[in-house]
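Asker: Sequence:
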Amino acid sequence: MQTAPLHTPWQPAALPFNESRRVAALRAYDVLDTETEQAYDDFTTLASAVCRVPIALISLVDSERQWFKSKVGLGQATQTPRDVAFCAHAILRPGETMEVPDATHDVRFAGNPLVVGEPHIRFYAGAPLVTPDGLSVGTVCVIDHEPRHLQAQERQGLQSLARQIVTQLELRHSQAALVHDSLTDALTDLWNRRAFNRRLQEEWMRHARNGRPLSLLSLDLDHFKRINDEFGHPAGDAVLAQTAQLLRKSVRLSDLPARVGGEEFAVLLPETDAASAMGVAEKLRRVLVDAAWPHAPVTASIGVSSAAPDRHGDPHVLIAQADQALYAAKQRGRNRAQRFAQCA
Numbered sequence: 018m019q020t021a022p023l024h025t026p027w028q029p030a031a032l033p034f035n036e037s038r039r040v041a042a043l044r045a046y047d048v049l050d051t052e053t054e055q056a057y058d059d060f061t062t063l064a065s066a067v068c069r070v071p072i073a074l075i076s077l078v079d080s081e082r083q084w085f086k087s088k089v090g091l092g093q094a095t096q097t098p099r100d101v102a103f104c105a106h107a108i109l110r111p112g113e114t115m116e117v118p119d120a121t122h123d124v125r126f127a128g129n130p131l132v133v134g135e136p137h138i139r140f141y142a143g144a145p146l147v148t149p150d151g152l153s154v155g156t157v158c159v160i161d162h163e164p165r166h167l168q169a170q171e172r173q174g175l176q177s178l179a180r181q182i183v184t185q186l187e188l189r190h191s192q193a194a195l196v197h198d199s200l201t202d203a204l205t206d207l208w209n210r211r212a213f214n215r216r217l218q219e220e221w222m223r224h225a226r227n228g229r230p231l232s233l234l235s236l237d238l239d240h241f242k243r244i245n246d247e248f249g250h251p252a253g254d255a256v257l258a259q260t261a262q263l264l265r266k267s268v269r270l271s272d273l274p275a276r277v278g279g280e281e282f283a284v285l286l287p288e289t290d291a292a293s294a295m296g297v298a299e300k301l302r303r304v305l306v307d308a309a310w311p312h313a314p315v316t317a318s319i320g321v322s323s324a325a326p327d328r329h330g331d332p333h334v335l336i337a338q339a340d341q342a343l344y345a346a347k348q349r350g351r352n353r354a355q356r357f358a359q360c361a
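Under the working numbering, the first residue of the sequence shown carries the number 18, and numbering increases by one thereafter.
Hint data in this document are derived by calculation from the structure and do not stem from the laboratory. A portion of the hints provided could be inaccurate.
Each computed DSBU-like pair below joins lysine-lysine, with the alpha-carbon atoms no more than 30 Å apart [to be verified]:
| # | residue 1 | residue 2 |
| --- | --- | --- |
| 1 | Lys347 | Lys266 |
| 2 | Lys242 | Lys266 |
| 3 | Lys300 | Lys242 |
| 4 | Lys88 | Lys242 |
| 5 | Lys300 | Lys266 |
| 6 | Lys347 | Lys300 |
Label-pair ranges, simulated between beta-carbon atoms [said to hold, decoys possible]:
| # | residue 1 | residue 2 | range |
| --- | --- | --- | --- |
| 7 | Leu188 | Ser267 | 28 to 38 Å |
| 8 | His312 | Arg265 | 33 to 43 Å |
| 9 | Ala94 | Glu219 | 51 to 61 Å |
| 10 | Ser267 | Ala194 | 22 to 32 Å |
| 11 | Ala194 | Thr62 | 46 to 56 Å |
| 12 | Arg216 | Thr62 | 34 to 44 Å |
| 13 | Arg216 | Lys242 | 39 to 49 Å |
| 14 | Gln55 | Thr316 | 28 to 38 Å |
| 15 | Gly228 | Ser267 | 23 to 33 Å |
| 16 | Ala45 | Gly134 | 26 to 36 Å |
Idealized CB from N, CA, C, for every residue including glycine.
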């Protein structure tokens with residue numbers, strides 16, 4: 018029988034040799050800190066029933082914590098520090114199910130706060146969640162307050178659930194990628210018109226509720242056709258990609274730059290009144306003027322519209338007003354920003 022050394026209450030797990038890749042793989046699933054989902058709750062319910070234990074968890078081991086995507090029998094806890102996590106030990110051997118028959122007799126865990134205090138773990142078994150690339154991102158684990166051993170069928174059942182959970186994570190990731198692709202412009206990696214219209218509707222309703230302003234920029238590259246005609250379409254594509262990069266770097270994270278047409282861009286500006294929106298438009302105009310372009314200078318005409326949203330109004334009025342202001346900017350010489358209210 019082993020007992021815990023007096024000089025250490027428990028032994029935190031070592032880091033896996035591929036820790037940076039492992040954490041990157043976990044975060045790529047974009048599942049941490051998400052709401053509960055029935056598909057994952059079904060897995061923990063099955064794990065608890067198959068292994069005949071009161072506690073079952075889907076534990077995802079992040080860099081500093083373990084977070085529970087689903088749990089049965091654990092009350093309100095949603096995560097624990099990684100240094101007390103049994104699962105941090107289990108992920109070190111992706112091909113094996115780690116079993117701790119009695120934690121009080123294991124030098125790694127005898128003094129662990131989760132053993133000497135709530136939830137008073139005695140028995141633990143965890144099957145690693147292993148990605149198709151062989152990276153262990155967490156476990157499906159079962160816990161009891163009494164010492165015990167897994168039966169062969171229980172161990173096999175737990176391992177089967179681990180594989181199915183990874184399949185669910187992969188499916189979630191694939192679906193998210195499909196949604197992202199459907200809302201993203203392939204050339205510039207900005208949001209496309211579909212995504213822009215969706216976000217416009219959301220922002221209109223949100224600002225209608227809180228009474229805050231909302232502004233929109235409609236931006237068109239001046240004489241863009243000349244670039245395609247003189248230097249070829251690859252050069253034109255490079256200009257569009259560089260424009261997108263400049264827009265992305267020049268606005269706030271809360272703003273939404275999008276490519277809504279060939280050489281047409283839009284920027285949605287939440288919490289921004291007309292005067293501030295004109296300031297943003299002028300900033301973007303100067304950024305394009307000052308940028309280093311490979312073939313010829315690039316400028317833009319920008320239309321600006323603003324509104325205190327009306328719950329019963331049409332958010333697409335903002336688009337029509339910004340487009341009208343853009344047309345006025347072109348008529349007045351291009352390479353300028355124009356407010357809708359100034360068009361008359």
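Asker: Go ahead and decide if the range 34 to 44 Å is satisfied by the Cβ distance of arginine 216 to threonine 62.
Answerer: Given a distance of about 37 Å, which is inside 34 to 44 Å, the answer is holds.
Asker: Assuming the hint says 33 to 43 Å, is it satisfied by the Cβ distance from histidine 312 to arginine 265 or not?
Answerer: At 22 Å between Cβs, range violated.
Asker: Can the suggested window of 26 to 36 Å be confirmed for the beta-carbon pair alanine 45 and glycine 134?
Answerer: For alanine 45 and glycine 134 the Cβ distance comes to about 34 Å; the hint holds.
Asker: Is the hinted pair lysine 88 and lysine 242 satisfied, with a Cα-Cα distance of at most 30 Å?
Answerer: Given that 30 Å is the threshold and the Cα spacing comes to 58 Å, the pair is violated.
Asker: Just tell me: holds or violated, for the beta carbon distance of glycine 228 and serine 267 against 23 to 33 Å?
Answerer: Because 27 Å falls inside the window, the suggested range holds.
Asker: Keeping to a limit of 30 Å between CA atoms, is the pair of lysine 300 and lysine 266 held or broken?
Answerer: holds, 12 Å
Asker: Is the hinted pair lysine 347 and lysine 300 satisfied, with a Cα-Cα distance of at most 30 Å?
Answerer: holds, 18 Å
Asker: For the range 51 to 61 Å, tell me whether the beta carbons of alanine 94 and glutamate 219 fit it or not.
Answerer: With a Cβ separation near 33 Å, alanine 94 and glutamate 219 fall outside 51 to 61 Å, so the hint is violated.
Asker: Compare the distance between the alpha carbons of lysine 242 and lysine 266 with 30 Å, and conclude whether the hinted pair is satisfied.
Answerer: Status holds; Cα separation ~25 Å.
Asker: Quick check: does the Cβ-Cβ distance between leucine 188 and serine 267 fall within 28 to 38 Å?
Answerer: holds, 37 Å
Asker: Holds or violated: lysine 300 with lysine 242, Cα cutoff 30 Å?
Answerer: holds, 24 Å
Asker: Please test the hint of 28 to 38 Å on the beta carbon pair from glutamine 55 and threonine 316.
Answerer: Given about 53 Å between the Cβ atoms, the range is violated.
Comparing the model with each earlier hint shows violations of hints 4, 8, 9, 11, 13 and 14; every other hint is respected.
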